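Chain by chain, the residues:
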Amino acid sequence: MIEMRDITKVYPNGVRANREVSFEIKAGEIHALVGENGAGKSTLMKILYGVERPSAGQIYLKGKPVRINTEHEAIALGIGMVFQSFMLVPSFTIAQNVVLGNEPVHGALLDNRAAINATSELAKQYGLVVDPSAIVDSVPVGMRQRVEILKALYRGADVLILDEPTAVLTPQETRELFAAIRQLVKTGKTVIFISHKLREVMEISNRVSVMRDGQMVGTVDTKDATETSLARMMVGREVFQQYDKPPVNRGAAVLQARDLEYVNEAGRQVLRGVSFNAYAGEILGIAGVEGNGQTELVEVLTGLRVAVGGTIKLGDSDITSRSAREVRQAGVAHIPEDRLNNGVALTASIEENLIVDRYSKPPFSRAGFTSLAAMVKNGETMIEQYAIRAPDGALPVGSLSGGNMQKVVVARELSANPQLLIAAQPTRGVDIGATEFMHQQLIQQRTNGVAVLLISADLAEVMALSDRLAVMHNGQIVAIFPDARGLSEEEVGLYMLGVQLQTQAEIEKNW
Amino acid sequence: MVDTSAITLSENRAVERARIRKERVRSSLIDLIVTLGTIMIALLIGFIVTLAVGKEPIKAYTALLTGPLSQVNRLGNWIQDATTLILIGLSVSIAFQARQFNLGAEGSLLVGALTAAVVALYVPLPPVLGIVVPLLAAMTAGFLVALIPGWMKAYLNANEVVSTLMINAIIANLYQYLLINFLTPEGDNVRRSALLPATSAFPLLADIFNANLGRANLAIVLVLIAVIAVWVLMRRTSFGYEVRMIGANEKFARYGGINTRRVIMLSFAIGGAVAAIGGVHLALGVHNRLILGISAGLGFEGIVVAMLARNNPLLVPITGLFYSYLRIGGDIMERTASVGAEIVQVIQAVIILLITAQFVIEFVRARRNTSGTSSSRTAAVSDATAVPSEQSRRNI
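The listed protein sequences correspond, in order, to chains B and Y. Read in the numbering used here, the first sequence has 59 at position 59, and its numbers run on one by one without any break. Read in the numbering used here, the second sequence has 167 at position 167, and its numbers run on one by one without any break.
In case anyone wonders, no lab produced these hints; they're calculated from the structure. On a predicted model such as this, the values are computed, not experimentally measured, just so you know. Hints are supplied without guarantee of correctness; some may be wrong.
[Said to hold, decoys possible] Using 25 angstroms as the maximum straight-line C-alpha spacing, the simulated SDA-like pairs for lysine to any residue come out as follows:
{"no.": "1", "chain 1": "Y", "residue 1": "251", "chain 2": "B", "residue 2": "490"}
{"no.": "2", "chain 1": "Y", "residue 1": "251", "chain 2": "B", "residue 2": "116"}
{"no.": "3", "chain 1": "B", "residue 1": "377", "chain 2": "Y", "residue 2": "19"}
{"no.": "4", "chain 1": "Y", "residue 1": "22", "chain 2": "B", "residue 2": "305"}
[Unchecked claim] Not everything, but these chain Y residues come out facing chain B in the computed CB check (under 8 angstroms):
{"no.": "5", "residue": "206"}
{"no.": "6", "residue": "209"}
{"no.": "7", "residue": "262"}
[What the hints assert, rightly or not] Stretches of chain Y that chain B covers, calculated by requiring three or more beta carbons in the stretch to come under 8 angstroms of a beta carbon on chain B:
{"no.": "8", "stretch": "250-261"}
{"no.": "9", "stretch": "327-333"}
For glycine and all other residues, C-beta sits at the position ideal for the given N, C-alpha and C.
All chains, please: the whole structure from these sequences, using the hints.
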């Protein structure tokens, strides 16, 4: 019914969100589109819905090539999309929302009764229970989602794209949604279901397409798939480039984290007794599905959050509850996961960004007065040494590409000559060249005797780089493997999902 | 991969730099033209308003535009008014650079005036010290008073707009209370303090130049010192770097190890000390005593001055003089051409409106670069022009 052929999407800053993706949907099926965050699923669907335009490739509808430049054109072709964040007018009734943009009128006025009739008829037809005269603001999330679906159906959608529809729903609401989706398909509609929850995908879909890293890994019939096989496709069986790492020359324990506990602002315990060591001359990888406490662990270790329990020792000194500056001065460098928000100040110059950890020390500052000359010189050196593509250090960091922003961060953190380097999701959103550069730098640091702690949701990446590998799940270290080389991704995946756990003794042995 | 890019880099570096320098000159020219254009449009709108309401619009508008220069005493008024405005503008610009919307200058100004006058009245001091000691006392008081909302913002996350306005209200009433009940001399039926001793009065420019320059006085020297001091503080010290990084991205500053709370608190307090100098100028220079309503809202007018100058300390004197010129011109227009003060305020407001509109555009642009969904974010980054932004243009 719909075929997307060789779709490529390159954003103006060079990020390739989709690379020659081909995707085919049959009429009357529930087709799940799965992949990790940033795999390119949303971009692909936005292209189909006319929100984004492809850089290359062609879309066919019922065999005929079509161009979809706007959402209106998509709707005219019978394609509707329900986004994760609903687009409803909260103060309008459900019926008014459903007909909005194509209202039945009585003279110059909205014909409210006709709107309500149209809505309840549609609702009955597709089994989407709503109260047409209720104000949107007053109804639960599940009903709002049904309103969104009705809105699309009211405009004549034959193909419905649901972008992670269950993310906002309770299990009960999810069951209702699934029933409604089945009803929709029975009446001849086609549903594309975007998700990364494999259990749901297995339950609802007829076919599954898996995306990874902007590319289509493949499409399988759901009955031939298992959660494990889908997970493997998502995380990637493609072998990461193998790096020639010199043999490990493991030194002393640089970092000793013991029983770290952290409770977040919402009162949820995010870290539950995390203990491990990081040794000089070794890359310790921490794998895990995102949101299992990795972010908080990094921020606790770097002094940006205060642990509610446990201790952190760097060498012989206790750095528990120290400020970010004290932690940095003790010899910890940090490549943060959210670079745009934490790692750089976009409007400040490259030079200024490069000294945020050392501006108060000579030669950058003497008796409180800054030396511009030292700052400029430092900028030039770094740009040269780390091959930052920037003609002038006085330019704002915001004018650089994502990969070069990353290099600014890397240049600053590595040039601090740390004892411990913490790199969180260091290659997220950067292109292959910058990724490779990043990996080489991490290996270089490790070989030079720095303790490297690599936190990455990209399993292939942690496995390719780590000497030792720890797995985090639900705020705990559930496994530590003394040698990352012998492991398979499936094996690690089981620990990541919490299916398997090592015993405390096994973990402690490999601290 | 890395090596080749390094080679192309060094080859292109010189060409690129030249291009960027040109781009930078071009962009500052555009800035200048836009600002001048804004002012022209505002004046034009002002003229249309004057046409609509005035009996003699040309005469009225001439009074506004040339009034402050038409007589020597008006020139004096201009200098005197600008002196306070510039000091307040400097004060405001400090916290603004840390993106703190500190509205406390009014309160610090009053505290400064009060402290300076009280010290001058009750502590017998020889010449020179008669000015220096009240000045330092006032700056200390302004510093301490502004420390309160700064501390509340930094450590309690109390909204600074609310806290500074509330503290302003407390100070304004306290000032009035002390003036009426303790500082007004027995038998004086005007509510004002006694005249300050001659040793504590700023020498008047009128006496120095032997011309009728009104109450303009040697506090202009303090303005010069303050402009340079604030510039050095913001552009050439670690503290200034910290303030600017917090303004650029507070999370980044924290991540880099900057003690953001302390710096935010101090940015309020230092601003308070500078605003207090404005109060000293009013008490020791302009009035030689404390009077009711001594600030006349100048603390808030200073915000406009800082915004017009885009928080650049070196531009504050220019925008201060400009804004003050409009104020004095407006007074003269009101007196000589029977155009109400309301119209003058309309014209001033139009100018501010147009200039803030410029800020809104920049703000939106900056927002697009730092927020949004991942796809719109990546797309927006490349939108950021290669032209250095205001904060990164150094040496200004």
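Now the hints, each set against the structure:
no.: 1; hint: 251/Y with 490/B; result: violated (37 angstroms)
no.: 2; hint: 251/Y with 116/B; result: violated (49 angstroms)
no.: 3; hint: 377/B with 19/Y; result: holds (20 angstroms)
no.: 4; hint: 22/Y with 305/B; result: violated (44 angstroms)
no.: 5; hint: 206; result: violated (39 angstroms)
no.: 6; hint: 209; result: violated (37 angstroms)
no.: 7; hint: 262; result: violated (10 angstroms)
no.: 8; hint: 250-261; result: holds (count 9)
no.: 9; hint: 327-333; result: violated (count 0)
Comparing the model with each earlier hint shows violations of hints 1, 2, 4, 5, 6, 7, 9; every other hint is respected.
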